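Participant: The residues making up each chain are set out below.
There are 2 protein chains.
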Amino acid sequence: MPELSVNPQRLWSDHMRMAEIGPSPEGGSNRPALSALDAEARAMLAAWCEPLALAEERDALGNTFYRRAGRDARPAIAFGSHLDTVPTGGRFDGVSGVLAGLEVMRVLHQARITTSAPLELVNWTNEEGTRFRPAMMGSRVHAGDMTLQQALAVRDDAGTSVAEALAEHRLAGPNPPGPRDWAAFLELHIEQGPVLETTGRDIGIVTGTVQARYFQIVVTGAPSHAGPMTMERRRDSLAAAAELVLAVERIGIAGEPGGRSSTTWITNSPNARGAVANITRLHSDVRHEDPARAAAMQAELIAAAAEIATRRQLAIDIDPYTTFGPVRFDTAAAAALRDAAAARQMTTRDMLAVAGHDAVMAALVCPAAMLFIPSVGGISHNPGEYSTPQHVANGAQVLLDAVLRLAA
Amino acid sequence: MPELSVNPQRLWSDHMRMAEIGPSPEGGSNRPALSALDAEARAMLAAWCEPLALAEERDALGNTFYRRAGRDARPAIAFGSHLDTVPTGGRFDGVSGVLAGLEVMRVLHQARITTSAPLELVNWTNEEGTRFRPAMMGSRVHAGDMTLQQALAVRDDAGTSVAEALAEHRLAGPNPPGPRDWAAFLELHIEQGPVLETTGRDIGIVTGTVQARYFQIVVTGAPSHAGPMTMERRRDSLAAAAELVLAVERIGIAGEPGGRSSTTWITNSPNARGAVANITRLHSDVRHEDPARAAAMQAELIAAAAEIATRRQLAIDIDPYTTFGPVRFDTAAAAALRDAAAARQMTTRDMLAVAGHDAVMAALVCPAAMLFIPSVGGISHNPGEYSTPQHVANGAQVLLDAVLRLAA
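Those sequence lines, one after another, are chains A and B.
Position 220 of the first sequence, counting from 1, maps to 220 under the working numbering, and the rest follow consecutively.
Position 245 of the second sequence, counting from 1, maps to 245 under the working numbering, and the rest follow consecutively.
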C-alpha cells in the first residue's frame, strides 16, 4: 500500500464550512444537540459522504454510521466523534474528530483503496449533554450504560424531550442502538487543556480517563424579606450555595495536578430582588486520575455541604447522579496511534482524558483509543478555541495511518 | 363624633378572599405586578369600593385612588398600600394596608359620617419591583423620582414592558401621575421583621427609613472546559460571584444591628454543565439606618469586588443603580398615629423601616407616616408570613382613629 497523505487544505476548509452552521457572535459555534442547526450540520456531513460510496445507517437515537465496505469478512475499524457543541463552543471540539474521519474516507476513495476490514465513520448524538443530560448520551446508550427509553424521555429546560427533538428533525433511524461489529473505535479530539502545548508535543496518546463524578445539588432555606429580616435569622439558600461553590473549587485546587472540580450551573428561587432566596440548585463535578482520590473528593464535598447545612440551619441535598471512568483504553489500539505518529516523526505524550468523550463509552463495548491534538492556550468550550491547520492535519494523518495499520 | 370601631371579622375575611387570587402552593400569594392576577385583585377592590360612593381615579401608571368627598374644601387625607406580591409572597404584605384603608371607608360609610377633609384610598402599582424594576414604581413616578416614560419602558425578564402590561389588562387611567391635594399619606404595613414581636409591642410608629443602596453586578470571566482546563488558568465567573455573595453577607453581618445586606438574584452564562461560566450577574443591596454607614458598606462592597477581580484576573462591574432613604416621616402625621394607638391602650415603639415602602416615595411630595403591625416570627416575603386577626384589627383601628384625627 502506498503512503497516503491527508489533504490539509481540504480538511481545514471543511472545518470553516462546518463553523458556518450555528456561528456564535464571538466567532465560535453554538450548535445544540438535536436542534435545527445540528440537523443542518448532519445534512452537510451526509452530503459530503455521498460521493464516497458509503452506506449510511442510523440508530433510534440518531447516532449515524457511514460504512465503507472491506475486502474481507472482518469486524470493522470505526472512528469519529460528534458535531454538537456547547452554547459557548468552539469550531474544533468534536468537529475535528468527525472531519478527520471524513478525510480518511476521502483519501482512501481518491486512492481507490479498499482495506481488508470495513471502515465506519461515526457521528454520535449529543456528546455535550448541555441541552439534554447526561453527556455522551448517544455513545452511552450504544454502550448500554443508559437505556434508549431513558434517553428518549430526557427533557431540556424548555420541556422538549429527546424523542420530540429527534422526531422534529427526522433524525432517528430504524436500528436499535447497541454494539456493532467493531474491532476498534478510534477518536481524534482536541485536548481542551494546555498540556500538549506547554510540553511541546504534537500528539497526545490517550491511554484512559480520569474518574469524574457529577452532582445535582439542591439547597433549601427559607424565603424572607431582604430588608427587615435580621441577618442571623435568615436561611439564605444563595449564600449557602455560594459557600458550596467555593468549597468545590478548593477541593479541585487541592486535588491538582491529577484532579479538577467545577460548579458550572446554578438556578435560584425566587430570584426576586426583594426576597432572600430559599431554593438554589447547583451542578458540580469532581475528577481525579486516581479513582480513590475522586471518591475522597466526593466525600469532602459531602462533608462540606453537611457542615454548611448544619451551621446555616438549612438543607443541602446532593444527588451523585452519574460518573464516568476510570477507563483504560485498548493498548493495541493506542499502540497503533503511537506507532503511526512515531513513523511520521511526530512527538507524542501518553496522557489521560479529563473530560468525557464518546470513546470512553465505546470502550465499554469494544477496543477503543483516542488521540489528542493541541488546543492553543488550552482553551476550549470557548469561542476562542483553536487548533492550527497543522495540528488538525497532523491528527488526521495519524488517524489515517493508524486506521490503515488496523484495517489493511 | 362617636367612637368608631373597625369590624375585625370583615377585615380578616377580606384578607382571606384576596388571598384566593394567586394562591401559592405553600399557602401564600404570588400576584406579580400588572399580571392578570393583579388585574383580578384590582377588580375585586373596585367591586368592594363600589357600594361606598367613592370616586375612582387612575393615573397612567395604574395607581388607583378611591376618593371620598369631605365637607370642606381642604386637602385630602390619603392612605393605602399595594396589592402586588413577590413570587414567594404572603397574604399581608401590602394587602393589609389596602384592606385596612378599605375598612376605614366602610366604617365611615356605615356610620354615615362625612369628614371635613376628603379621604383617598390608594392602591399603588408595582411596589415590589420583582417583575419590573425598580421597586415602588408607582409611588416613585407619582413623587417624580422617575419619569412616567422611564417607567413605561421598563421590561420584565420575558421582554414585556410596563406599557404593554398596562395595556394588556387595561389598567392605565387618564391622569398624569403626580402629587395630589393631600395633607397627609398614611400607610399601614406589616413589619416584615421580628422587632415588634420580640419587644412585645402592638404597633410600630415608623419615623423614617434606613438608607438602602441597590447594585446590579456583572462578573465577566472566560469560558473554558470544566474538565481539562487546569484550575489556576480558569477565569470562573460563578466562583468569583460566589465570593462576592459571601462578601456582601459579611458586610451586612458587620453592619448589624442597624445594617443589613443581601444578594437575592443571580444569572449565570452559559450555565452549561460542561463549561466553566464566563458571565455571572448578581443583584445585591446594603442598608443602614446611618447613611454614612450605608455609604461605607457600599465602599466595602466595591473594595471586595476589586480585590476578587484582581486576584482572579477577571472583571467585576458594579452599577449602583438606585437607592432609597434616609427618609424622615412627618412628625405630625406620626404623632397622630402614636396618639391614636395610645388612646386605645396599645403599646407602641418608634422604629425605622428597613424595607422600601410606597410611603417612602409619597414622603417626597407630601407629609407621610407609617404604622407597622407585628409579623409573627418576623417572617415576610414567604408563604408563612402571618399577622393575627388581632394584629390586623389593631392596625386598622389605629389607622381609622388617626384618619379621623387628621380629617375630622
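These aren't lab readings, by the way, just hints derived from the structure by calculation.
Values in this document were obtained by computation on a predicted structure and should not be read as measured data.
Mixed in with the good hints there might be a few duds.
To be clear about the criterion: a stretch of chain B counts as covered by chain A if any three or more of its residues have a C-beta under 8 Å from a C-beta of chain A, and this derived list gives those stretches [what the hints assert, rightly or not]:
{"hint": "1", "stretch": "181-193"}
{"hint": "2", "stretch": "268-278"}
To list a few chain B residues with every Cβ distance to chain A over 12 Å, as calculated [stated by the list, open to error]:
{"hint": "3", "residue": "E3"}
{"hint": "4", "residue": "P32"}
{"hint": "5", "residue": "E40"}
{"hint": "6", "residue": "M44"}
{"hint": "7", "residue": "A53"}
{"hint": "8", "residue": "R67"}
{"hint": "9", "residue": "A69"}
{"hint": "10", "residue": "P75"}
{"hint": "11", "residue": "T207"}
{"hint": "12", "residue": "A241"}
{"hint": "13", "residue": "L244"}
{"hint": "14", "residue": "T264"}
{"hint": "15", "residue": "R287"}
{"hint": "16", "residue": "D290"}
{"hint": "17", "residue": "T388"}
Which chain B residues face chain A? A few, computed with CB under 10 Å, are given here [to be verified]:
{"hint": "18", "residue": "R10"}
{"hint": "19", "residue": "G27"}
{"hint": "20", "residue": "G28"}
{"hint": "21", "residue": "I253"}
{"hint": "22", "residue": "H381"}
Backbone N, C-alpha and C fix where the C-beta goes; we use that ideal spot for every residue, glycine too.
Participant: Among all the numbered hints in the text so far, which are the ones the structure does not match?
Facilitator: Numbers 4, 12, 13, 14, 15, 18, 19, in rising order.
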